[in-house]
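K.L.:
One line per chain: the protein sequences are A and B, in this order. 1 is the number of the first residue of the first sequence in the working numbering; add one for each residue after it. 496 is the number of the first residue of the second sequence in the working numbering; add one for each residue after it.
Please keep in mind that the hints were generated in silico from the structure rather than gathered at the bench. Honestly, I wouldn't trust all of these hints.
Unchecked claim - What follows is a set of in silico ranges between Cβ atoms, one per label pair, in the way DEER data are often shown:
#: 1; chain 1: B; residue 1: S515; chain 2: A; residue 2: R61; range: 29 to 37 Å
#: 2; chain 1: B; residue 1: D501; chain 2: A; residue 2: V101; range: 51 to 59 Å
#: 3; chain 1: A; residue 1: E297; chain 2: B; residue 2: E534; range: 47 to 55 Å
#: 4; chain 1: B; residue 1: D501; chain 2: A; residue 2: N336; range: 54 to 62 Å
#: 5; chain 1: A; residue 1: A36; chain 2: B; residue 2: E551; range: 42 to 50 Å
#: 6; chain 1: A; residue 1: S483; chain 2: B; residue 2: R508; range: 51 to 59 Å
#: 7; chain 1: B; residue 1: S515; chain 2: A; residue 2: R484; range: 42 to 50 Å
#: 8; chain 1: A; residue 1: G279; chain 2: B; residue 2: V561; range: 56 to 64 Å
#: 9; chain 1: B; residue 1: S515; chain 2: A; residue 2: S320; range: 44 to 52 Å
#: 10; chain 1: A; residue 1: R388; chain 2: B; residue 2: A517; range: 16 to 24 Å
Unchecked claim - Short derived list, chain A residues pointing at chain B, Cβ under 10 Å:
#: 11; residue: T39
#: 12; residue: H46
#: 13; residue: Q51
#: 14; residue: A206
#: 15; residue: S299
#: 16; residue: T303
#: 17; residue: Y305
#: 18; residue: D339
#: 19; residue: L340
#: 20; residue: G363
#: 21; residue: A374
#: 22; residue: L377
#: 23; residue: V382
#: 24; residue: L412
#: 25; residue: K415
#: 26; residue: L416
None of these values were measured; they are calculated from a predicted model. Each residue gets a CB set at the ideal place from its N, CA and C atoms; glycine is no exception.
The chain contents come next:
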Amino acid sequence: MTGSAPGGIAAIRALVASGEASAVEICRAHLDRARAIDTQVRAFRHLDGEQALAAAEGIDRDRRAGKPLGPLAGVPVAIKDVLCVRGTPATCGSRILENFVPEYDATCVARLRQAGAVILGKTNMDEFAMGSSTENSAYEVTRNPWDLERVPGGSSGGSAAAVAAGEASVALGSDTGGSVRQPASFCGVAGMKPTYGRVSRFGLIAFASSLDQVGPFGRTTDDVARVLQVIAGHDPLDSTCSTLPVPDYPEEMRRGAKGMVIGVPREYFPKGLDSEIAGSVRAALETAEGLGARVEEISLPHTEYAIPAYYIVATAEASSNLARYDGIRYGRRAANAGDLTSLYVRTRSDGFGAEVKRRIMLGTYVLSSGYYDAYYLKGLKVRTLIRRDFETAFRKVDAIVTPTSPTAAFRLGEKLDDPLAMYLSDIFTVTINLAGLPGISIPCGLTKDRLPIGLQIIGRRFEEETVLRLAGALESGLAFNDSRPPLPEPSGEVR
Amino acid sequence: MAITRDEARHIARLAHLEFSDAEYERITRQLNSILEFMEQLNRLDTSAIEPTAHVESGAEAFRDDVVRPSISRDEALANAPESEHGLFKVPRVIG
């Protein structure tokens with residue numbers, strides 16, 4: 001194995017299974033790549049070479065002993081720092097958890113290990129997954145591999161950047177309002193938010209429990225399908241995790257787009273939408289027609305209300321979930337605080353960053369006596385209207401296609417002082433979290449400044465296979481994967 | 496429905512947070528601009544609409560109540576800022 005990025009899951013697994021390359025060699029190639037490039041990209045919060053190499057050695061031992069290899073044998077994976085990996089710090093991008101070392105694996109992490117994946121480390125993120133640029137991390141700012149002066153998107157910006165830069169083969173993120181899809185779009189990779197209930201949330205540090213879902217990143221739809229295959233399915237440790245059977249996603253993905261009916265919601269192409277974004281998505285729709293799909297204009301009339309409804313629901317849930325950070329059982333504790341109430345107040349006020357405090361304040365307000373009906377209950381009712389918009393549309397169409405984000409990656413600092421402008425960058429992604437639907441972002445082109453453009457495909461509840469099918473067909477029709485970020489190539493042979 | 500600086504102080508108390516005077520000024524302004532943006536929801540008549548707090552996830556929330564291994568006391572205390580005699584330690588609560 002020589003030269004450029006050691007590739008996707010199918011290639012890596014074939015090399016490892018045949019013995020042409022060892023899992024240790026593949027792991028070392030990714031660690032070398034990360035060490036060479038991450039001083040610029042800053043995708044990782046915590047890179048654990050020793051543990052990764054030990055896991056890779058285990059895979060090679062199994063192969064030599066003739067034991068069956070898992071579907072992800074030898075595949076190097078990066079994990080967003082919102083997920084618990086036993087024995088590795090989980091900061092969630094926050095100072096308040098800077099010393100927290102989980103005593104257990106998240107279910108999706110345990111399943112990756114069982115499947116033979118090699119965990120490289122933890123990736124940077126907006127604090128408690130609150131943000132759309134990864135600039136809200138309390139630790140460092142992750143850069144977009146396509147342009148180091150731009151954001152990678154967020155909140156799973158570290159995972160998206162690690163995959164785009166070839167530091168990891170695939171990665172996990174979490175998506176509450178677009179936090180997998182928007183960074184995938186900005187970094188030119190594929191990223192999926194599964195249906196609410198498809199993947200266990202056990203070991204996922206909670207932001208908004210009725211919206212949160214774990215999702216995979218990969219350079220191709222095939223990689224996303226293979227990771228989803230491993231992490232999806234019932235978990236008795238998460239009471240919202242579905243008991244529905246898990247289809248064979250990589251197999252279903254290959255069925256092509258022929259005969260599919262694609263809905264294009266006019267509300268997602270407003271007047272004034274960036275013409276390069278609109279043009280690129282429209283061109284992809286023509287490609288879909290060429291592949292035998294039928295395209296139909298539809299309407300999702302309550303789209304314009306999604307952002308205010310989302311920020312009511314998400315902040316309300318966050319204010320209650322984040323009440324647990326009190327300096328007693330884990331995390332940071334303020335020194336010399338005096339009585340118990342002062343201990344809580346000082347610990348939280350010192351430990352949380354500005355955006356997290358802003359959202360806790362907003363969530364506390366919309367739930368508070370006298371304002372609950374006007375804001376929180378109103379938000380939940382509008383959520384019903386948004387859910388119904390999709391139910392109506394999906395009676396006529398099999399999938400819905402939209403831009404993932406109204407813009408390509410913006411510049412570092414551009415929206416940092418304007419919370420509302422930052423919130424509006426999620427305008428095309430929050431709706432599906434409110435409705436609990438599956439969605440993927442795949443790259444569909446480049447702007448004239450050579451920044452990736454993302455296309456979002458939305459499906460019916462628990463129809464990930466339909467979403468992946470269209471994504472796979474479009475991907476082969478669009479040939480984006482020949483485009484790579486302008487980073488130095490990895491040097492030399494794999495040792 | 497603009498919130499005042501005093502209301503912001505009240506919300507902060509409920510949330511166990513504190514801010515400096517300058518921070519109160521800033522956060523009150525930001526909250527008001529976000530709340531003003533949320534007012535657009537009032538254009539919708541939702542009097543006959545049921546709220547959605549949680550989408551149906553195809554899960555079976557009930558399971559048998561079976562005892563199974565859990566983390567040990569030592570593991571549970573491993574991340575505590577202060578512990579003593581196998582317990583979480585907090586400042587004196589009852590005087």
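K.L.:
Hint by hint, note whether the structure agrees.
P.N.:
Verification of the hints:
1. B:S515 to A:R61: 29 to 37 Å: violated, 58 Å
2. B:D501 to A:V101: 51 to 59 Å: At roughly 41 Å between Cβ atoms, V101 (chain A) and D501 (chain B) fall outside 51 to 59 Å, so the hint is violated.
3. A:E297 to B:E534: 47 to 55 Å: violated, 30 Å
4. B:D501 to A:N336: 54 to 62 Å: 29 Å Cβ-Cβ, so the 54 to 62 Å window is violated.
5. A:A36 to B:E551: 42 to 50 Å: holds, 47 Å
6. A:S483 to B:R508: 51 to 59 Å: holds, 53 Å
7. B:S515 to A:R484: 42 to 50 Å: holds, 47 Å
8. A:G279 to B:V561: 56 to 64 Å: holds, 58 Å
9. B:S515 to A:S320: 44 to 52 Å: Once the Cβ atoms are compared, 25 Å apart, the range 44 to 52 Å for S320 (chain A) and S515 (chain B) is violated.
10. A:R388 to B:A517: 16 to 24 Å: Violated, since R388 (chain A) and A517 (chain B) (Cβ atoms, about 45 Å apart) do not stay within the stated range.
11. T39: With a minimum Cβ separation of about 30 Å from chain B (threshold 10 Å), the hint on T39 (chain A) is violated.
12. H46: Since chain B brings no Cβ nearer than about 16 Å to H46 (chain A), farther than 10 Å, the hint is violated.
13. Q51: violated, 18 Å
14. A206: violated, 14 Å
15. S299: Because about 16 Å separates S299 (chain A) from the closest Cβ in chain B, which is outside the 10 Å limit, the hint is violated.
16. T303: Violated - the Cβ of T303 (chain A) stays beyond 10 Å from chain B, reaching only about 12 Å at its closest.
17. Y305: Constraint on Y305 (chain A) satisfied, holds at 6 Å.
18. D339: Since the shortest Cβ distance to chain B is 6 Å, the answer is holds.
19. L340: Holds: closest Cβ of chain B sits about 5 Å from L340 (chain A), inside 10 Å.
20. G363: holds, 8 Å
21. A374: holds, 7 Å
22. L377: holds, 6 Å
23. V382: With a closest approach of 6 Å, the V382 (chain A) hint holds.
24. L412: violated, 21 Å
25. K415: violated, 14 Å
26. L416: violated, 13 Å
Taken one by one, the earlier hints fail for this structure at numbers 1, 2, 3, 4, 9, 10, 11, 12, 13, 14, 15, 16, 24, 25 and 26, listed in ascending order.
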